[in-house]
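J.: Next come the chains, spelled out residue by residue.
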Amino acid sequence: MTSTTAGDVPAIEFKDVVKRFGDNVVLDELNFKVAKGDRVTLIGPSGSGKTTILRLLMTLEELSGGLILIDGDPYTHEYRGDKWVEIPEKRRRVVRNRVGMVFQQFNLFPNMTVLQNIIEAPVHVLGKSKAEATARAEELLEQVGMTEKRDFATNQLSGGQQQRVAIARALAMDPEILLLDEVTSALDPEIVADVLEVLRNIAETTDITMLLVTHEMAFARDVSNRVLMFDHGQIVEEADPETMFTNPSHERTKEFLKAVLG
Amino acid sequence: MSDDLQTLIDSLPDLGGAVLVTLEMTVGGAALAMIVALVLGFGARTRSLWVRGPSRVVIEFFRGTSLVVQIFWLFYVLPQFGFKMEALAVAIVALGLNYGAYGAEVVRGSIASVPTSQWEAATALNLGWAHKVRRVVFPQAWALMLPQLANLLIQLLKGSALAFYITLHDVYWWTDELQRDTRDTFFSFGIGLIIYFVIAYILTWGMNWLEERAKRRLGRGTRPRLRDVLGLKPGVPSEVARVKGGVA
Amino acid sequence: MNDESIWDWDTAWAVLPDLLQGLVVTVEATVIGMIIASILGLLIALAMRTPTRWVRGPLRFVVDFVRMTPLLVQLVFAWLLLVDIPPLAIGFGVLGVHYATYMSEVYRAGIEAVPPGQWEAATALNLPRGRTWRAIILPQAIKNTLPGLGNYAVSMFKETPFLFAITVVEMYSAAQRFGANTFSYIEPLTMVGLLFLLVSYPTSLLVRRMEIRLA
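Heads up: the sequence lines are chains A, B and C, in that order. So the first sequence is numbered by this note's numbering: it starts at 5 and just counts up by one. So the second sequence is numbered by this note's numbering: it starts at 127 and just counts up by one. So the third sequence is numbered by this note's numbering: it starts at 1014 and just counts up by one.
Honestly, the hints are just simulated from the structure, not real lab data. Check before you lean on any hint, since a few could be wrong.
Said to hold, decoys possible - Each computed DSS-like pair below joins lysine-lysine, with the alpha-carbon atoms no more than 25 Å apart: (1) A:Lys87 with A:Lys37; (2) A:Lys94 with A:Lys153; (3) B:Lys341 with A:Lys94; (4) A:Lys134 with B:Lys210; (5) A:Lys94 with A:Lys19; (6) A:Lys37 with A:Lys19; (7) A:Lys40 with A:Lys258; (8) A:Lys19 with A:Lys40; (9) B:Lys341 with A:Lys153; (10) A:Lys132 with A:Lys153; (11) A:Lys87 with A:Lys19; (12) A:Lys132 with B:Lys258.
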């Protein structure tokens, strides 16, 4: 499971991906693959490009160069002959259905109730019936322990509760790939465990490919089967969590882990 | 004074029609202004320079050239180019374009105040552009817009008094007639201003009601059910207030 | 009117001196109107902070009444009522009072935006109340009000044409008079609109810039 077997199409593939913000090069010809069902944690100092990778995968940032493939399909750009061209939104949307994301700040829609937040996209994007979407939403709410908040307004919920709803909302789209962007960073310490428990449960009961950026090293070790250490937009080290956290080989990784683990 | 009252009573039958003309201008002008504001407001936000440029030019043009000039230009000059409109249509078009241009800034600003993260969350759920705007962004921007739109609506009502000078029989015309009949400026204009004030107040109430409703939809208002729910957990409201303050 | 073309440059040139003369009156009215509005607006804002309801209630009503009724009707009202006062002076006064009701809101917001810590620091230094207002609160509050003042000045500039209704020959009525005398409205009315744009647009850009710098 750790590495892609030959012939198997990776869930995610970055090919020479470049991302610049103005003159600032955040990702410089980055290459990596994520196999189906992999749980990959991205670690590294802030500004190392981890979050940018997730945002590129969600098309929240425009690529500056290279290709991103989802199940081997070009997602945001493709080569037509030698020309690197943008893929129109209509085609992007087909691929985007396979990707879901949970944000640091939850980003629930305040004009909708908990249930409405969850069924909005399944009904209007996937074309599910309202009854079907609601049934699935109730299932998910139970999974994240939020059943009794079904009809609440989102700002009646605590941060941890909002994040659990946001997780249910992302899962309601049945994504093949789930992006988790520092999902516990905005939460008070005592509720972090609840949210992590929910994620652990999802990791155990589904085969969703997960890409996570987190500062919760213990959680990363529990859930992921691969850890990528980033620095200056490059992968400096790649290993299974056990090796990465107990016996890192690269100097930068050692420094970084020492700083965050204390 | 009793003569004044008698004259006032005699002129009451005309008042209904006059109020109606003022309301027609206000409501018609506001409806047109809203359409103009939405088109130009969204136009001024697009990435394409070919849409944004002209939107900005139109906004600045109608903001900058003064309502008075616009209404008389449409009334006196436009017919010379072969477009003749009824006076009521002139008033509605002038009010709609002028306040629409102001409204466009309100729309643009309110849409811009909705956090980018809301657009991003909608993208993450793969919603299309129109769907994002209609279901996620606009309902949030709407609550921000309403107080400013309410203000513009009152300005529009006040501006509609100009219509008297392009032959319309509105509330100001009725006031002027009453003044001529009574020769009592204080009495007649006092009553005329009170009528404007009452109309403005009713419009303000209406807009406040819309604003309350919009806020409630964002879960910020207070409805009895909500209070019941909050009553169960006394810790929640202050927490909500704190989080909200922090975000805003 | 000329048959070959609708727009006649000779007429346009002929009306220009009248319009520029009117522009002087328009600017004059705006400046004096804004001075009155700024002073009166501040007084209203301060009066609204008195603890007695008997002052605040009626004042609130008067302010709302003036703010929510048409400037145009107010102008004609004052003009018909005060026959001995020259129309231009009435124009200054009514513009000033009308905009004072707007400005009072600007001042109120400006005063409220001064952090409570400033009041507390003044109390801690045992400064007298008057001194606290003059030396600490108002200087900060007034800085907050400058963009609002600028915006309302631009707005008032565009509303001065209402003065045509009380026989003041400002820029718009100069155009209209010219039109009535020569039966050609196209050139004067078009040019007066463009002149308004020519003055108000750059001014509003300046105000926006100030807003950004003070923000």
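J.: Take the hints in turn and mark each one as holding or not.
T.: Structure-based check of all given hints:
Distance hint between Lys87 of chain A and Lys37 of chain A is fulfilled; the C-alpha atoms sit about 23 Å from each other, no more than 25 Å. For the given pair, Lys94 of chain A sits about 35 Å from Lys153 of chain A by alpha-carbon distance, which is inconsistent with the 25 Å threshold. Simply put, Lys341 of chain B and Lys94 of chain A have alpha-carbon atoms about 34 Å apart, too far for the 25 Å limit, and the pair is violated. Taking the CA atoms of Lys134 of chain A and Lys210 of chain B, the gap is about 52 Å. The hint is violated against a cut of 25 Å.
Proximity of Lys94 of chain A to Lys19 of chain A is assessed by CA-CA distance (about 22 Å); at most 25 Å being required, the pair is judged to hold. Proximity of Lys37 of chain A to Lys19 of chain A is assessed by CA-CA distance (about 9 Å); at most 25 Å being required, the pair is judged to hold. Between Lys40 of chain A and Lys258 of chain A the CA atoms are separated by roughly 29 Å; this puts the pair beyond 25 Å, and the hint is violated. A threshold of 25 Å between alpha carbons decides the hint, and for Lys19 of chain A with Lys40 of chain A the separation of about 17 Å falls inside it, so the pair holds.
For a cut-off of 25 Å, the pair hint linking Lys341 of chain B to Lys153 of chain A stands: about 20 Å separates their Cα positions. Of the supplied pair hints, the one linking Lys132 of chain A and Lys153 of chain A holds, its CA atoms being roughly 22 Å apart against a limit of 25 Å. Distance restraint check for Lys87 of chain A and Lys19 of chain A: the Cα-Cα separation of roughly 15 Å lies within the 25 Å cut-off, and the hinted pair is therefore satisfied. Annotation: proposed proximity of Lys132 of chain A to Lys258 of chain B holds, straight-line Cα distance about 18 Å (limit 25 Å).
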